[in-house]
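A.B. asks: Sequence:
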Amino acid sequence: MSGCKKNTVKKWAERGSWVIGIGGVNTGKPNKLIYAMEVEENLPYEEFKRKYPDESRYLQPCITGLNILISKKFYYFGSNAIDLPKNLKHIIIHGRGCKRITDDDINKLMKYLEGRYRCGKRGTE
Numbered sequence: 002m003s004g005c006k007k008n009t010v011k012k013w014a015e016r017g018s019w020v021i022g023i024g025g026v027n028t029g030k031p032n033k034l035i036y037a038m039e040v041e042e043n044l045p046y047e048e049f050k051r052k053y054p055d056e057s058r059y060l061q062p063c064i065t066g067l068n069i070l071i072s073k074k075f076y077y078f079g080s081n082a083i084d085l086p087k088n089l090k091h092i093i094i095h096g097r098g099c100k101r102i103t104d105d106d107i108n109k110l111m112k113y114l115e116g117r118y119r120c121g122k123r124g125t126e
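Quick note on our numbering: the sequence shown kicks off at 2 and runs consecutively.
The hints are simulated quantities; they were obtained by calculation from the structure and are not laboratory data.
Check each hint, because a few of them may be wrong.
Said to hold, decoys possible - In the SDA-like style, the derived pairs of lysine to any residue whose C-alpha atoms are separated by at most 25 Å in a straight line are:
#, residue 1, residue 2
1, K122, R101
2, K109, G124
3, K87, D105
4, K109, R16
5, K90, I21
6, K50, G121
7, K50, F75
8, K74, C99
9, K12, R58
10, K122, D106
All chains should be modelled from the sequences, with the hints used to inform the complete structure.
C.D. replies: This is how it looks when you write it as structure tokens:
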């Protein structure tokens with residue numbers, strides 16, 4: 002993941018952290034889960050380019066100086082964004098920003114996703 006929440010998530014995300022994206026009002030998918038990913042690595046852009054030269058060609062040059070989050074365990078719903086289960090609606094932020102959620106909520110979300118979906122891409126942008 003690159004170019005998103007650069008001043009917040011990418012500063013504290015570390016191996017084992019989960020990052021989720023929920024659609025905002027102007028996304029056409031408000032309050033729906035767009036993606037969930039377990040962070041495997043959090044690398045500065047230049048290190049990412051050296052370590053993953055083939056993958057780095059997909060990144061836009063304007064992200065130089067930012068960190069890149071790498072995940073092998075991710076769910077990307079994009080245009081097929083899904084509703085969160087009722088027991089997780091409280092993690093939705095009403096407005097801009099991000100927040101940390103509890104390990105218990107992450108475990109509930111992972112159990113929900115793993116019981117219904119395989120990891121990978123399920124939608125377009």
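A.B. asks: Evaluate each hint against the coordinates.
C.D. replies: Taking the hints in turn, this is what the structure says about them:
The hinted pair formed by K122 and R101 meets the criterion: a straight-line CA distance of about 24 Å does not exceed 25 Å. For a cut-off of 25 Å, the pair hint linking K109 to G124 stands: about 23 Å separates their Cα positions. With a C-alpha separation of about 15 Å, the suggested pair K87 and D105 falls inside the 25 Å cut-off, and the hint holds. The hinted pair formed by K109 and R16 meets the criterion: a straight-line CA distance of about 19 Å does not exceed 25 Å.
A hinted pair counts as satisfied when its Cα atoms are at most 25 Å apart, and K90 with I21 qualifies at roughly 13 Å. Taking the CA atoms of K50 and G121, the gap is near 23 Å; set against the 25 Å cutoff, the hint holds. A distance of roughly 21 Å separates the Cα atoms of K50 and F75; the hinted pair therefore holds under the 25 Å criterion. Of the pairs offered as hints, the one joining K74 and C99 holds, with about 21 Å between alpha carbons and a cut-off of 25 Å not exceeded.
Straight-line distance between C-alpha atoms of K12 and R58 comes to about 23 Å, which keeps the hinted pair within the 25 Å bound. With a C-alpha separation of about 22 Å, the suggested pair K122 and D106 falls inside the 25 Å cut-off, and the hint holds.
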